Amino acid sequence: MNLGIKVHKLTKTYKSTKRKYGVIRVSRRETKALKGIDFTVKRGEIVGLLGPNGAGKTTTIKILSTLVLPDSGEAIVNGYNVVSQPTEARATIGVITGGERSIYHKLSGRENLIFFGRLYRLTRNEAKERADELLGIMGLQEKADIKVEDYSSGMRMKIVFARSLIHDPPTLLYDEPTLGLDPGFAREIRQLIRDKLHEKCILLTTHYMNEADFLCDRIELLHEGQIVASGTPTELKRQTRAFDVLTLQIKGVVHAEPFKGIPGVSEVTVTSDASDASAVRVHVQNGAAALRRLLDTVESQGGKVLRFAFDEPTLDDVFIQKTGRRIANGDSTEH
Amino acid sequence: MVTLQSTNIPLSVADGEAALLKVAPARVIDFSAALTIARNSLRVSLRYPANFIIWGVMPILWLLPFVFTGIAFSGGITSAQFGGQTGYANFIPYLALGWVVFSYVDSAIWGVGNTLRWYQFAGVLEPMFLIPAPRLSILLGAAMAELVTTSMSTIILFGLSVLIFNLQFALTAVLPILLLLFLMIVAFTGFAFAFSGLILVFKDPSVLTQFVHVVIYTLTPVNYSVSVLPSWVQPLSLILPSTFAIIGIREAALAAAGIALLWGDVMILLLLVVIFWITGILVFRLAEWHTRKKGKMGAF
Ligand SMILES: Nc1ncnc2c1ncn2[C@@H]1O[C@H](COP(=O)(O)OP(=O)(O)OP(=O)(O)O)[C@@H](O)[C@H]1O
Ligand SMILES: [Mg+2]
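As given, the protein sequences belong to chains A and B, one line each in that order. For the first sequence, the numbering used here gives the first residue as 6, with consecutive numbering after it. For the second sequence, the numbering used here gives the first residue as 6, with consecutive numbering after it.
Rather than coming from a laboratory, the hints here were simulated on the basis of the structure. Hints are not guaranteed to be accurate.
Claimed, not checked - Example chain B residues on the side facing chain A (calculated, C-beta under 7 angstroms, incomplete):
id, residue
1, Pro-30
2, Thr-41
3, Glu-131
4, Pro-132
5, Leu-176
6, Met-302
As the list claims (entries may be wrong) - Simulated pairs of lysine-lysine, DSSO-like, Cα-Cα distance not exceeding 27 angstroms:
id, chain 1, residue 1, chain 2, residue 2
7, A, Lys-23, B, Lys-208
8, B, Lys-208, B, Lys-298
9, A, Lys-37, B, Lys-298
As the list claims (entries may be wrong) - So the derived label-pair ranges between C-beta atoms look like this:
id, chain 1, residue 1, chain 2, residue 2, range
10, A, Arg-199, B, Phe-187, 52 to 60 angstroms
11, A, Arg-30, B, Ile-283, 30 to 38 angstroms
12, A, Lys-23, B, Phe-187, 39 to 47 angstroms
13, A, Gly-144, B, Tyr-53, 24 to 32 angstroms
14, B, Leu-51, A, Arg-129, 14 to 22 angstroms
15, A, Ser-157, B, Phe-187, 44 to 52 angstroms
Since the structure is predicted, the reported quantities are computational estimates derived from the model, not experimental observations. The beta carbon of each residue, even a glycine, is placed where N, CA and C say it ideally should be.
Can you make the complete structure from the sequences, with help from the hints?
Have a look at this one:
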């Protein structure tokens, strides 16, 4: 009934004062992190909050998990207002922020889980049973009784995951849950979220476009504290169908500017590496029609086209179209 | 039901009623969460055994220099001059008791704040602040754990002093001593709440902590009586729970004062408990609010 997340006109401005010797005010700075965002996440839904660095993703997650106070607007988690009923709201969420450090390294994985289980008001037996089950799901039974300091970072992250589930909360708030994980383990986690947690209500942030594409039922694109687009990944990508996405693999180094002069071209990204090769990715109204001009532009700069391809638009392309900026810097496509 | 896979644990979320809430959450402090945290803290500190032992013998090392200084000044273990000021000519038990009590003051000033600071560094502050209990419960848990470790070291201190200096205390004094000690510890726990608030806001208050520590230490009659302080400073000494606790405990242990005689001290301590707790809770809540506003909860 009330399960889920409701965010209405949420704003947050960070005011920071720089002081000299801790007392004398040198300067004051305001950062508008959220400028009135609205969204909902229903039970059974996985919603991805996507945006470049500083977009306000972590701020949103932290407000929802009662770690940060908003300035105005409303945030309701499972029927509880996070400002006026923070304790109740916390009881209903499982949160990941801050990665693998956020568990006791001097305790074993099992001890960590039981400890937090108790704090989430499970009885000792419930906590034990639950810890056992989660250790099983994570494939950590063998290592369950070893101190976390002797775990690999992937194993620690599994415990962090397990902790977020210890009280079986209806809502999960995950801030970059797969950050820095090796691809194999990241895949495992994504599978877990997809297969085992589909009845929950999940809000997650990520910089990996493919992860968002794979996991999320809906995406909220966040840019400078505002939601610039939302919809299912397919819907969003369909919106960019107004143009084609072309990539050209080039021998030699080329510049983006000349491509922008070609009629119909809206976005150009050039990446190049040290080995005298570059890749150009363009959004163009009609790829087939512009192809000749594109090839010429490469050649006029002394480059040689090795390969070209029409690509499926990615969520990053959607973002570029909406804001003129990329979400991620190059690492968006590796997963 | 929202379940992971097989849980037999009933999730108490039924149609919009959130989990946990079979039991309404505590408003100010959740004692059972505090106990769980205290137990866990002790378990963690037992995993640093070297620290544990060193902390255990530390207080006696603080005491000894004062004993030796006393002997150096007086040429013996009693001093008429000292007796005239304090009422106790034999200064060794006077000092030993002073340090036993002051160990608790010390742990109140440093302990809870340090725990919070350690959480920040270790990265567990945010997850601890995410548990469904008022955040003061975490501080109380830390204070409880501190109480246990400090009691262990004061027992060592007390035992060693009795052995080394062949001290004799009135056995009937045990109850009044424990009562006074308990009230003082409770009062200082309120103080620790306020202090932890400052740590949330200022992150690294080691200079501040040091300052407060030195001031309280100087004002509390640990090594000398309040009467040797300049007269304009003396009133400050009399707002400290430690002053009343130390004076009362010495009367009970060394002058065999019964509870009837100590009633005044008890009442004053009770009053200080109320004042310190109200102040502590308000200061911590204000600091928590400020930190959430700033978005600097887990930062260090
Ligand atoms: N505690 C703070 N004090 C001042 N400014 C802050 C604070 N936390 C965040 N900000 C600012 O608010 C804006 C939004 O930050 P936020 O951490 O929410 O971004 P994000 O979308 O999570 O970025 P990233 O992808 O880098 O994690 C940024 O400009 C950031 O610098
Ligand atoms: Mg972030």
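These are the hints, each one checked on the structure:
Checking B:Pro-30 against chain A by beta carbon gives a least distance of about 4 angstroms; that is within 7 angstroms, so the hint holds. This hint holds: B:Thr-41 has a C-beta 5 angstroms from the nearest C-beta of chain A, less than the 7 angstroms allowed. The interface hint given for B:Glu-131 holds, since its Cβ lies 6 angstroms from the closest Cβ of chain A, which is under the 7 angstroms cut-off. Interface restraint check for B:Pro-132: the shortest CB-CB distance to chain A comes to about 5 angstroms, inside 7 angstroms, so the restraint holds.
Checking B:Leu-176 against chain A by beta carbon gives a least distance of about 39 angstroms; that is not within 7 angstroms, so the hint is violated. Annotation: interface hint on B:Met-302 holds; nearest CB of chain A at approximately 5 angstroms, less than 7 angstroms. This hinted pair checks out: A:Lys-23 and B:Lys-208 have alpha carbons roughly 15 angstroms apart, not beyond 27 angstroms. With a C-alpha separation of about 15 angstroms, the suggested pair B:Lys-208 and B:Lys-298 falls inside the 27 angstroms cut-off, and the hint holds.
Annotation: proposed proximity of A:Lys-37 to B:Lys-298 holds, straight-line Cα distance about 13 angstroms (limit 27 angstroms). For the hinted restraint 52 to 60 angstroms between A:Arg-199 and B:Phe-187, the CB-CB distance of approximately 55 angstroms keeps it satisfied. Hint check: A:Arg-30 to B:Ile-283, Cβ distance near 31 angstroms, so the stated range 30 to 38 angstroms holds. Checked against the hint of 39 to 47 angstroms, the C-beta distance between A:Lys-23 and B:Phe-187 comes to roughly 45 angstroms, which is consistent with it.
Our hint of 24 to 32 angstroms for A:Gly-144 and B:Tyr-53 holds, since their Cβ atoms are close to 30 angstroms apart. Distance hint check for B:Leu-51 and A:Arg-129: the Cβ-Cβ separation is about 19 angstroms, which falls inside the suggested range of 14 to 22 angstroms. Here the CB-CB span from A:Ser-157 to B:Phe-187 is close to 46 angstroms, well matched to the stated 44 to 52 angstroms.
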